[in-house]
Amino acid sequence: MNKVISLDTALAVMPITLELNGKSVQTHVQPARRLSEVLREELGCRDVKVGCNAGDCGACSVLIDGAPVCSCTTAAAQVAGRSVETLRGLVETDAMAADLKAAFEKHGAAQCGICTPGVMVTAAALLRSGEALTETVVQDALGGVLCRCTGYRKIIDAIMDAGGALPAPATEEPVENADAIVGASVPRLDGLPKISGTEVFGDDAAPADALVVRVVRSPYPHAAFSFGDLDAYRRRHPGIHLILTAKDIPGKNCFGVIPPFADQPVFAEGIARFRGEAIAAVAGDADTVNALDFGLFPILWEARPPAMTVAEALSSEAAQLHEGRTGNIMCRGLVKKGDVEDGFASADIIVEGSYSTGFIEHAYIEPEAGYALRVGDRLEIYGCTQAPFMDRDSMAEIMGLAPEMVRVVPTACGGGFGSKLDISMQPYMGLAAWILKRPVRITYSRIESMQSTTKRHPSAINLKIGATRDGRITAFHFQGDFNTGAYASWGPTVANRVPVHASGPYLIDNYLAQSRAIHTHCPPSGAFRGFGVPQSAVAQEQLFDELALQLGIDRLALRRLNALKNGQPTVTGQIFETGVGIADCLEAVQPAWDKALSDAARLNSAAEASGSPMRRGVGVSSGWYGCGNTSLPNPSTIKAGIRPDGTVVLHQGAVDIGQGANTVITQIFAEALGVPLTSVKLLGADTDITPDAGKTSASRQTYVSGNAARLCGEAMRAKILRLGNVSEQARIRIENGEIHLIDGSERRTVAIAEAMPTNAEGYVLVAEASYDPPTSPLDKNGQGNPYAVFGYAVHVVELDVDLALGTVKLKKFTAAHDVGKAINPMLVEGQVQGGIAQGVGLALMEEFIPGRTENLHDYLIPTFGDIPPIETIIVETGDAHGPYGAKGLGEHVLIPTAPAILNAIRHASGAKIHHLPATPAKVRAAIRAAQQK
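Here the sequence shown is numbered in the working numbering, starting from 1 and rising by one per residue.
In short, the hints are calculated from the structure, not lab data. There's no promise every hint is true.
[What the hints assert, rightly or not] Okay, derived cross-link-like pairs now, DSSO-like style, lysine-lysine, Cα gap no bigger than 27 Å in a straight line:
| # | residue 1 | residue 2 |
| --- | --- | --- |
| 1 | Lys922 | Lys812 |
| 2 | Lys595 | Lys565 |
| 3 | Lys809 | Lys933 |
| 4 | Lys812 | Lys595 |
| 5 | Lys912 | Lys933 |
| 6 | Lys922 | Lys809 |
| 7 | Lys811 | Lys106 |
| 8 | Lys922 | Lys912 |
Please work from the sequences and hints to get the whole structure.
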């Protein structure tokens, strides 16, 4: 029975003694204070992560008397006299946890790492229990911990392996060449800190004496406002050091990721354009600022009618959000090839449909966090980001400083998926730190993060396809409207990328794709893994199934018939002589497709005979994605140096948000230089010490920064070979301040410190190289070479539909991905699994509704039990431009997933789901509609 205590008792400070990681500790706390806060802020346990403060995500899980508990919903007084264990304590003292740590490293079970402490402590409790492990047991035990990166499968494998329950592979895996670098499944170079609890994320980095800043936000999607007496408010709260509004910005009160479209203010001025928009900020002592009720902040609001949908925004009665954007249309996109009307006239069959998707929240487990400090006349920003140089340049404009006067140092990034490309918390902590000349930290709440940051664009798509009787596409007309929210963000990129990709990876001679990005009073829509392409694939791939069914053609065969091949033009007229891998991917899944269809027929026949409502469905979908910016410069620069003691240092500025850039780019560099991976010391992104490797987005880092790393490695190798006057075939070994060169029978040794003088950075040898993909601008009809390389994918999914309830249970994915060359196959598998999990969410459950689903309880993402086994087929066609033939991967893995699921639901039940997500209610309604026809 719970004991009720008075408010005065709850707020009074009292001593509590507990056993923390095997040691007795005492601290003085308010008894009702969250245990997570006490562990992190008072007892130094920064390995305890906070993702929601509501018990929804499980990242804060610790063991209390051996049982996993969410520390964010546990009062500190509840652990008095009890044992508390965190990840760091477990891996240092517990043998089972040590085994778990080794298994997580072996399987690549940590990607961004923010959920890893919660996952591992919960798994440790399971292993200690002695319960016989099965996949279901692991899924049930871990069901309260969310992960947005991994897709859960490698976590399950690691836990099963640590418990001795992982089935042995059917065949012995070949032993890898010990000297292999590119192509080897080496563990993540940044993996150990994540699985040891020592990784530093945005909310872990601030000094103890940092002040806190919080942002006052609009509760209305559209409202005019004016401030009351801010000075009086400050006087009523002596711990407030500063109140910030638009008038306090020394530079431009405007930011945006695409300069010609930059339109978002740091602080709104007089008009709020979306719920959650920043109006003011308050900085001061942590206890004071964190206790403030911003419902009492002196603002007078005048709510105005909002335009929340595209239809409302296009109405003649809608408020115009921005001058110069008539009708709230921000921009348009177009690709036109051939004559689409002639193509339809020559068609034997025409199919068409309307499709829509809603807002999708990124739902990274780490809310935005960081700190800033002023160092003389420079501003330093530490926090989670995907684009440090973009952040630097934006902050310089806001602060009225030269770019070199701003330093951005990314912390570990607990997931991004596109949203952390835009600046968010940086101006508020930066401005406060600059004015107060003290460190200032900020941590968004989960609700604040979901209210105020970017989302996947909602889409409304009309599509019409014509074909001949044998299934060859003759015409394709795509029209898509995208809700870009209140501000531009990446809306122009989505509007221009979608028409290039809406065809799918198919040969289409007569093509017209038109898109519009339209402003509404919603949170800004930005980059989210695919930049609009997953939305267009939902329409295109479902309509391909419709076409196949009406023609009586096997659905996979239709795709193979129309698949692009080397030497054939894309819809922009671009021709690739090599590396077009979609036909290879389709061929790779053919055996799985044939078996799945056979199994489905057998199972469905038995279900009909028994009267069971369960039906097996099989779906297939293709996808493609151009790596990097669309027809725009897209350079990366990588630098390396060798110190007098022989240390090889790689300055690698590509932010690793969990996808593995730190590891893959270092593998490429080491391969090019010709030294073991262990010989290279990695320096991560920091705008003061690493060159600009561009933003981590658009599946560009392996390809673009990887090429820069290859060129840098080759340049350094050339310098070393010249230094020793040996041939290009010579082998290099660097150790103990010497370079040993082996050129056939000849051996040479170079004393590094004596070879050349040391420069200001402490290097004897330095190499730096850049790479910018060869692209060309698109003409007025969207014709040209928008990308130097495309990646390709095909997913086959098997699932069960309950015809009576409309529920969907996924059974298996088979995913073929053309990656050109797998630099690290284990990381490829991890990306495929994580992308599929996000695609599952898009298809079946996820929809952000402003004002309604602003937390991880009402906004659902896939859990451990939602993701079935995934067979990854790595296809390596090689690429003419990629480093060792490699292509990007991060975006491609999500694109085919949702349409494959929707196609499988239709195959199982006849239900056509054109408007996502496919919730049980929608599936059941569509089943009834199909049955009535």
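Consistency of the hints with the structure:
Note on Lys922 and Lys812: the hinted pairing holds, with a Cα-Cα distance of about 22 Å set against a maximum of 27 Å. Our distance criterion of 27 Å between C-alpha atoms is met by Lys595 and Lys565, whose separation comes to about 26 Å. Restraint check: the Cα-Cα separation between Lys809 and Lys933 comes to about 25 Å, which is no more than 27 Å; the hinted pair holds. A C-alpha spacing of about 12 Å is found between Lys812 and Lys595, which places the hinted pair at or below 27 Å, so the restraint holds.
Restraint check: the Cα-Cα separation between Lys912 and Lys933 comes to about 12 Å, which is no more than 27 Å; the hinted pair holds. Using a Cα cut-off of 27 Å, the hinted pair Lys922 and Lys809 holds, with the two alpha carbons roughly 15 Å apart. For the hint pairing Lys811 with Lys106, the CA-to-CA distance comes to about 26 Å; that is within 27 Å, so the pair holds. Distance check on the hinted pair: Lys922 and Lys912 sit about 10 Å apart at the alpha-carbon level, within 27 Å; holds.
Hint check: no violations occur; every hint is consistent with the structure.
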